[in-house]
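S.K.: Start from chain A and add chain B according to the hints.
Protein chains: 2
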Amino acid sequence: MGQLRCDPVGGRWVIVAAERGARPGDSRRGARVPKGGFCPFCEGNEDRTPPEILAYRNDGLPADGPGWRVRVVPNKYPALQSEGDPEQRDYGVYEVRNGIGAHEVFIESPKHVLSPTELPADDLKEVMWAYQDRMRELKNDKRLIYALVFKNVGESGGASVEHTHSQLICTPVMPKRVQEEMANCEEFFKSEGRCLLCEIVAHELRERERVIVESDRFVALAPYASRFPFEMWILPKGHASHFEETPRDALDEFAGVLHEALLRLDASLEQPPYNYLLHTGPLTRAPVDYYHWHVEVIPRVTSVAGFEWGTGFYINPVAPETAAECMRNVVLEEAREHALGRGGAL
Amino acid sequence: MGQLRCDPVGGRWVIVAAERGARPGDSRRGARVPKGGFCPFCEGNEDRTPPEILAYRNDGLPADGPGWRVRVVPNKYPALQSEGDPEQRDYGVYEVRNGIGAHEVFIESPKHVLSPTELPADDLKEVMWAYQDRMRELKNDKRLIYALVFKNVGESGGASVEHTHSQLICTPVMPKRVQEEMANCEEFFKSEGRCLLCEIVAHELRERERVIVESDRFVALAPYASRFPFEMWILPKGHASHFEETPRDALDEFAGVLHEALLRLDASLEQPPYNYLLHTGPLTRAPVDYYHWHVEVIPRVTSVAGFEWGTGFYINPVAPETAAECMRNVVLEEAREHALGRGGAL
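Chains A and B supply the protein sequences, listed in that same order.
Residue 1388 is where the first sequence starts when you use my numbering, and the numbers rise one by one after that.
Residue 1388 is where the second sequence starts when you use my numbering, and the numbers rise one by one after that.
One chain only, chain A, in its complex shape:
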């Protein structure tokens, strides 16, 4: 089992998961499945993953066989594992815990496509349902504090399997980044009496120059202080702290906005590597007035180097206004057709 170790200087936890790397010199993550080689995520290869936790499949078909649309399985190389005691121990000046938690993989399609944009927009709805279903289920394990849903696309985005998939890692401690966001939002709420992210949504819908996609209930925008070129945040317009509380019809609408935003990104930067991640309230807490869930999309087209590691600040060579305009100018129907063509649907 791995360990969770706390760095008391930086105030962050590190998962030391020695079994994930083979040899010390061979520590590069990713590329476990060679490009164009055998794919354990394709329909028909269900026996090459651990048994499924959840799948949406046609009625009457047995588990761990074909006929599914979205399939959730434990990560074969988990960063954190479900068995064990989360007790915290001191080791001199340090803190350490057993590496308990959960690590799940969401296989987003039975077909071997590299991106959700290569599938019809409707196919993304059930992926969002699966995130929600798993988060609701994991709330029952009282050892777990937070569920982070994320997606890695492309080799330099950290993807080890190219077949379109996303992941969920549950931690027994609050993630530093979410804790910081919640603290900043709570402070704003206390002084201004409003949710900071509601305020940002209102500001951006007034200004419009950083808006990329908009629907009745959601908006995708280039954040004012974007860390990366073409960074996007997708948020509900109305206040909501917990993703898993989203009604299903709103979730379907969200899937549509996410799909369109990714299409506009893919068309603008020619399918860049990227990560997305879902920031939502912790599993252990009831909905709050001051925090607001959102998805952050991080294109990996600039390097993070000494300055960023040293400061926690970023240098962004593309103004968010320029990126938003570029993505708004994408001709959607053309982009959709090209992407479906890459996915083999046309």
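Calculated from the structure, these hints are not laboratory results.
Among the hints, a few may not be true.
One copy or any two copies: either way a pair holds, since identical chains are not told apart in the list.
[As the list claims (entries may be wrong)] Straight-line alpha carbon distances no greater than 25 Å define the calculated SDA-like cross-link-like pairs of lysine to any residue that follow:
#1 K1563 x F1576
#2 K1563 x E1586
#3 K1577 x Q1475
#4 K1624 x C1393
#5 K1577 x C1393
#6 K1563 x V1691
#7 K1529 x L1441
#8 K1577 x E1482
#9 K1577 x V1483
#10 K1498 x G1431
#11 K1577 x Y1478
#12 K1577 x P1395
#13 K1498 x Q1658
#14 K1463 x P1453
#15 K1563 x D1472
#16 K1529 x V1675
#17 K1463 x V1691
#18 K1526 x S1469
#19 K1529 x L1670
#20 K1624 x R1399
This one's a predicted model, so the numbers in the text were calculated from it and none came from an experiment.
M.R.: Here is chain B on its own, set in the frame of chain A:
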């Protein structure tokens, strides 16, 4: 001029430096100087950089010509610039400042080598002196709060020029990471009456399993909660909050430990891309009891992906104890000979 924009949700500043990228789609930093092509940092090409700020050269030789050993010039594509007013303005819910500061390049050798390990260890001493001289000088500009010294090595380490060099960026705001470290260290000092990093040094020198290099006054170790495989921190054993206060003979000793640590890293992972960065007290503050300067060396052999961006936590597939042992086991004389051979000195 660029802008410094603050993200109120994450509490971080971003330098939006639109002039650093060429076109929106061409936003990849780095690789401005093609490999094996013309090198503006080599001796004889002094007219291809902005005029030097500082150089150590033989007596009587004119500035911006040959005969130097270490040369400091302004970055030709600065992230922050020295002219302007650092005044902070509100823009709706956001804060923004002019992108003022400083951005300097330390050319570490007149010879076209890729790494300080390809030069004799003694050559690194004057690089450390140059860091110190520049930091002392920049203290006089009262608009500047912090000077971050860092080094990017290798294309995936973010280096845009292969000729061995490091950089300094001065910011008019406190870096988030340093602020966090100082806050954690101050809290520890208040409750325990000791410097946290002094305590860590003492713990590691007792345990020894994470020690990589040791001299009279310095130690290089694999931190207990290393974020990355083969991460190293190099610290003075005795308490010291500000790098620029280090006496010159101690600084020379530090250069030797840094050189040996980098040699052991290069030999263990076959010259990996890496970053190093210097964390020290801010320019504006007198020495303090609770903070302790150190250099963090971050090998870039694992990818930072959705989990890391979402949580601020890291997954490290190599135990720091294993990495330290591997680096201790490097036969130093062999490694030195190979590195000097690569640099053309043998």
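S.K.: Does each hint fit the structure? Answer for all of them.
M.R.: Now for the hints, and whether the structure bears them out:
{"no.": "1", "hint": "K1563 x F1576", "result": "both (20 Å within a copy, 22 Å between copies)"}
{"no.": "2", "hint": "K1563 x E1586", "result": "both (23 Å within a copy, 24 Å between copies)"}
{"no.": "3", "hint": "K1577 x Q1475", "result": "between (32 Å within a copy, 23 Å between copies)"}
{"no.": "4", "hint": "K1624 x C1393", "result": "between (36 Å within a copy, 22 Å between copies)"}
{"no.": "5", "hint": "K1577 x C1393", "result": "between (30 Å within a copy, 20 Å between copies)"}
{"no.": "6", "hint": "K1563 x V1691", "result": "both (19 Å within a copy, 15 Å between copies)"}
{"no.": "7", "hint": "K1529 x L1441", "result": "within (20 Å within a copy, 59 Å between copies)"}
{"no.": "8", "hint": "K1577 x E1482", "result": "between (32 Å within a copy, 19 Å between copies)"}
{"no.": "9", "hint": "K1577 x V1483", "result": "between (34 Å within a copy, 22 Å between copies)"}
{"no.": "10", "hint": "K1498 x G1431", "result": "within (10 Å within a copy, 58 Å between copies)"}
{"no.": "11", "hint": "K1577 x Y1478", "result": "between (37 Å within a copy, 20 Å between copies)"}
{"no.": "12", "hint": "K1577 x P1395", "result": "between (29 Å within a copy, 14 Å between copies)"}
{"no.": "13", "hint": "K1498 x Q1658", "result": "within (18 Å within a copy, 39 Å between copies)"}
{"no.": "14", "hint": "K1463 x P1453", "result": "within (19 Å within a copy, 58 Å between copies)"}
{"no.": "15", "hint": "K1563 x D1472", "result": "within (22 Å within a copy, 33 Å between copies)"}
{"no.": "16", "hint": "K1529 x V1675", "result": "within (19 Å within a copy, 42 Å between copies)"}
{"no.": "17", "hint": "K1463 x V1691", "result": "between (29 Å within a copy, 19 Å between copies)"}
{"no.": "18", "hint": "K1526 x S1469", "result": "within (13 Å within a copy, 52 Å between copies)"}
{"no.": "19", "hint": "K1529 x L1670", "result": "within (9 Å within a copy, 46 Å between copies)"}
{"no.": "20", "hint": "K1624 x R1399", "result": "between (32 Å within a copy, 23 Å between copies)"}
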